[in-house]
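Trainee: Okay, here's what each chain looks like letter by letter:
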Amino acid sequence: MLVEIKNLVRYFPRTKAVNNISFGFDKGQIFGFVGPNGAGKTTTMRILATLDQPQYGDCFVDGYSVTQYPEKARKLVGFMPDSLPMHNDISVREYIDFYARAYNVQNPTRNKIVNEVMDFTDLHVIADKTLNALSKGMKQRVSLARALVHEPKVLILDEPANGLDPRARVQMRELFKALAENGMAILISSHILTELGELCDGVVFIEKGQLLDAGTISEISQRRSKDSLEAEIRLLRSDDWEQRLKQLSVRLLEIPGVTNPAVAGDHIELTIENGESTAAAILRQLINDGFPIVDFRLRNNQLEDLFMTITNGNVQ
Amino acid sequence: MIQLFKNIFASLDNKINPIAVKEMRQAVRSRYITLLLQLYLLIELLMTGFYLLTIDVNDLASGGAELFFPLMVLLFIANLICVPVYTSTRLTKEVHDNDAMFSTTLTPMQIVRGKFYCGLLISLLLFSAAAPFIILTYLLRGLDISQILSTLYWSFLTIQAFNCYGIIFGALNINKVLRAIIACIMGFAILGVLDSLPYGFSFISAVSSMDWETFFISTLVFLFLSEAFITLAACLLSPLSFNRMTRPRIFATVSSFSLMIIALIYYGFTSSNVYLEVACAFTFVTALAFLGIGLCERTTLSVRQIQQIPQNPILRILAFPFFTCVGSAVVWFIFMFGLLLAYDSFFDQGIVFEHLVDMDSPFPFLCMILFYITCGMLIRIGIDQWRRDNQSQRLPDNPRIIIYPSPQKGIATVAYTLFLIAVPSLIPLLFIFSHGAEIRELLFFFSPFNYMDDYRANNNAIPIFFGAASICVLIIYSCISFLRYYSLGSTNTAPPKLNTTGKQG
Numbered sequence: 020m021l022v023e024i025k026n027l028v029r030y031f032p033r034t035k036a037v038n039n040i041s042f043g044f045d046k047g048q049i050f051g052f053v054g055p056n057g058a059g060k061t062t063t064m065r066i067l068a069t070l071d072q073p074q075y076g077d078c079f080v081d082g083y084s085v086t087q088y089p090e091k092a093r094k095l096v097g098f099m100p101d102s103l104p105m106h107n108d109i110s111v112r113e114y115i116d117f118y119a120r121a122y123n124v125q126n127p128t129r130n131k132i133v134n135e136v137m138d139f140t141d142l143h144v145i146a147d148k149t150l151n152a153l154s155k156g157m158k159q160r161v162s163l164a165r166a167l168v169h170e171p172k173v174l175i176l177d178e179p180a181n182g183l184d185p186r187a188r189v190q191m192r193e194l195f196k197a198l199a200e201n202g203m204a205i206l207i208s209s210h211i212l213t214e215l216g217e218l219c220d221g222v223v224f225i226e227k228g229q230l231l232d233a234g235t236i237s238e239i240s241q242r243r244s245k246d247s248l249e250a251e252i253r254l255l256r257s258d259d260w261e262q263r264l265k266q267l268s269v270r271l272l273e274i275p276g277v278t279n280p281a282v283a284g285d286h287i288e289l290t291i292e293n294g295e296s297t298a299a300a301i302l303r304q305l306i307n308d309g310f311p312i313v314d315f316r317l318r319n320n321q322l323e324d325l326f327m328t329i330t331n332g333n334v335q
Numbered sequence: 003m004i005q006l007f008k009n010i011f012a013s014l015d016n017k018i019n020p021i022a023v024k025e026m027r028q029a030v031r032s033r034y035i036t037l038l039l040q041l042y043l044l045i046e047l048l049m050t051g052f053y054l055l056t057i058d059v060n061d062l063a064s065g066g067a068e069l070f071f072p073l074m075v076l077l078f079i080a081n082l083i084c085v086p087v088y089t090s091t092r093l094t095k096e097v098h099d100n101d102a103m104f105s106t107t108l109t110p111m112q113i114v115r116g117k118f119y120c121g122l123l124i125s126l127l128l129f130s131a132a133a134p135f136i137i138l139t140y141l142l143r144g145l146d147i148s149q150i151l152s153t154l155y156w157s158f159l160t161i162q163a164f165n166c167y168g169i170i171f172g173a174l175n176i177n178k179v180l181r182a183i184i185a186c187i188m189g190f191a192i193l194g195v196l197d198s199l200p201y202g203f204s205f206i207s208a209v210s211s212m213d214w215e216t217f218f219i220s221t222l223v224f225l226f227l228s229e230a231f232i233t234l235a236a237c238l239l240s241p242l243s244f245n246r247m248t249r250p251r252i253f254a255t256v257s258s259f260s261l262m263i264i265a266l267i268y269y270g271f272t273s274s275n276v277y278l279e280v281a282c283a284f285t286f287v288t289a290l291a292f293l294g295i296g297l298c299e300r301t302t303l304s305v306r307q308i309q310q311i312p313q314n315p316i317l318r319i320l321a322f323p324f325f326t327c328v329g330s331a332v333v334w335f336i337f338m339f340g341l342l343l344a345y346d347s348f349f350d351q352g353i354v355f356e357h358l359v360d361m362d363s364p365f366p367f368l369c370m371i372l373f374y375i376t377c378g379m380l381i382r383i384g385i386d387q388w389r390r391d392n393q394s395q396r397l398p399d400n401p402r403i404i405i406y407p408s409p410q411k412g413i414a415t416v417a418y419t420l421f422l423i424a425v426p427s428l429i430p431l432l433f434i435f436s437h438g439a440e441i442r443e444l445l446f447f448f449s450p451f452n453y454m455d456d457y458r459a460n461n462n463a464i465p466i467f468f469g470a471a472s473i474c475v476l477i478i479y480s481c482i483s484f485l486r487y488y489s490l491g492s493t494n495t496a497p498p499k500l501n502t503t504g505k506q507g
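Just so you know, the sequences run in chain order Y and S.
According to the working numbering, the first sequence is numbered sequentially starting from 20.
According to the working numbering, the second sequence is numbered sequentially starting from 3.
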């Protein structure tokens, strides 16, 4: 594992912010860090970024302890906090250049990297604006550029999509995917679970400082859903389409392993027991029965469903 | 050729402190700096204009001197207040907000030096703004060039020492009001110490002829003092697992040794003890200050520190006074104070007792100081232990694991410092307001300053008893710390998954 968090504990005077959590993720993986406000996400991330100290446990980045050897871990970690400091006396380019210098990126490489990072995050247009003149979305981009400037192996992003418009969100998501494809390990905290579901390979659920579950989405789904899968079926639209949809609903009731088939608008939703092999058998059966199926989609338990399942009564 | 110059500039650019670059970029755009400069120029203009309008033609021969000193006072005070306030405020904000800057590979020393350069730039701006007015004072006569230059020089050095001093308080993450109060109290004390140097910053008296030996040693003291502040500020910004006090203690030891050797050489040539006094004063003050700071450090060693304990038994013993923990601070202080006394007795000058603390009966005074230091140390350890006993918790899902509270470094430091400074100083004040003769006697008895003269020279038994008890406590505590340290070094207690570079095995 490139990043390992082991038995991390951080208590504040009146809050148990992080209470013995352990998880890890590897290079090329994007891990979502999911939990309600005050769950301990930011505290964990700040410890991982060497900005806070745990009272027990440790985090290791490529084997380096962040508590004992922070200066070594810092070279490997890029941290994007949830907000950018307000400066009215420094431009975007100067700010990123400062961070490149701070990470000891030497010239002539420094200018090249600063330009590349600004290209990557699309900041050239606002290069000469001061930080406090930027919109929230632009600040997030500057913050990301700052975290990337030393080409870290691990990227820690605290609510990166916070305050972004839909277009900027899509762009940022594409940026993260590109970075992960280049071998970077990414930990993202967010409240927007649908977005994380599209982006993440794995997820860590945390509430009130306690780890509820961690792993890849399919691992957690399998652990939590006991082999039942949600599915959607759509039929080819024709004159007798509605009638065929009702027929399909009745037919599904007769097939073993199918529960709760119901017409929902233009499609049928159903639950399939015993995993993907049953799903394949059902699809084969329906095609043999002559149903004009244009879409048969398994909804592997989405993050929102998983989150609701996991948090249901687990933590008081 | 152009490529060569480009390479040279690129190489120079790479060597510039990143914080300095950022701070300078921000300073030139800062509204605060612009306003400060404009205000300063306005006041200088008004002062000069007023003087020129009211000048008596008969006094023209000394007119420059009359204008020079108010202008210098203004320059000095403006710098002394604005430069440390600016640098410390900026650093405070970054420390308080836990700026992402602290997650970069910048070392604490780079951060502190960067802030120092920023303060230096601002003071240079103010000095350059004052330059035309100072040239005017020279043209008005009454001053020679050496007087002007030496005054500017000592003022500049003092301001830079305070620039570094301000950075320490910027790095201290404690309540703003408390910090301001402590900074002011200690600032005045340092100003007093600097003023007592052979030339100090006493520009009011206008140095007319330059004594190069004094110039050299005073400059050295200023530079050592500034560097000591810088190493302390860097130490405050270092992560808790670091051996934070090693660098300041090594610096204090080396600078004290250097000053002693220089003073010794000068004494050999001239038989003048003035520089012996300077060297002793520097060592005495630094040792006391570093002891106070060292006692605020942790009482146990971090994993990283344990890994740094030398395996060689002799090196392990020698390294102990430079490790970051209370026991090491005590041993280092005993070593430095022993060195100072040996140095003093070698010359048989009685510098430490007669000149520095100006008293006839030094032992009761030192005993009381030692008593207060020991009390401070015990209070500090007691606070830590109380918090460990009362605020530690067991992990709910693994009760064998005890979670100890995070060290409240700032509050403990303040409590301890206040105790060391305030208690001995305030007792004589209480004495003034107390009415009962017995209470007055009792209060007066506890003040170390009581023993600075011969007022109670014949009643020293109890202070000496306190001193002896304190020495016993300090020695016992240091021995326990040393034994623990030594055993940790001999049995490799480093976590098995970490090798010497910190890389997980």
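Rather than coming from a laboratory, the hints here were simulated on the basis of the structure.
Honestly, I wouldn't trust all of these hints.
[To be verified] Derived pair list, reagent style DSBU-like, types lysine-lysine, alpha-carbon separation capped at 30 Å: (1) Y/K131 to S/K8; (2) Y/K172 to S/K178; (3) Y/K155 to S/K95; (4) Y/K148 to Y/K196; (5) Y/K172 to Y/K131; (6) Y/K94 to S/K95; (7) Y/K94 to S/K8; (8) Y/K94 to S/K17.
Trainee: Just to be careful, I want the Cα atoms of Y/K94 and S/K95 compared with a cutoff of 30 Å; is the pair within it?
Mentor: holds, 24 Å
Trainee: Sort out whether S/K8 lies within 30 Å of Y/K94, counting only the CA atoms.
Mentor: holds, 28 Å
Trainee: Straight-line Cα separation of Y/K131 and S/K8 no greater than 30 Å?
Mentor: holds, 15 Å
Trainee: Taking 30 Å as the top limit, are the C-alpha atoms of Y/K94 and S/K17 close enough?
Mentor: holds, 19 Å
Trainee: Within 30 Å, alpha carbon to alpha carbon, are Y/K155 and S/K95?
Mentor: holds, 22 Å
Trainee: CA of Y/K172 to CA of S/K178, is that 30 Å or under?
Mentor: violated, 38 Å
Trainee: Measure nothing beyond the straight line between the CA atoms of Y/K172 and Y/K131; if it is 30 Å or shorter, mark the hint as holding.
Mentor: Answer holds: Y/K172 to Y/K131 is near 19 Å, not above 30 Å.
Trainee: Taking 30 Å as the top limit, are the C-alpha atoms of Y/K148 and Y/K196 close enough?
Mentor: Since the Cα atoms of Y/K148 and Y/K196 sit roughly 28 Å apart, the hinted pair holds (cutoff 30 Å).
Hint check: a violation occurs at hint 2 only; the rest are consistent with the structure.
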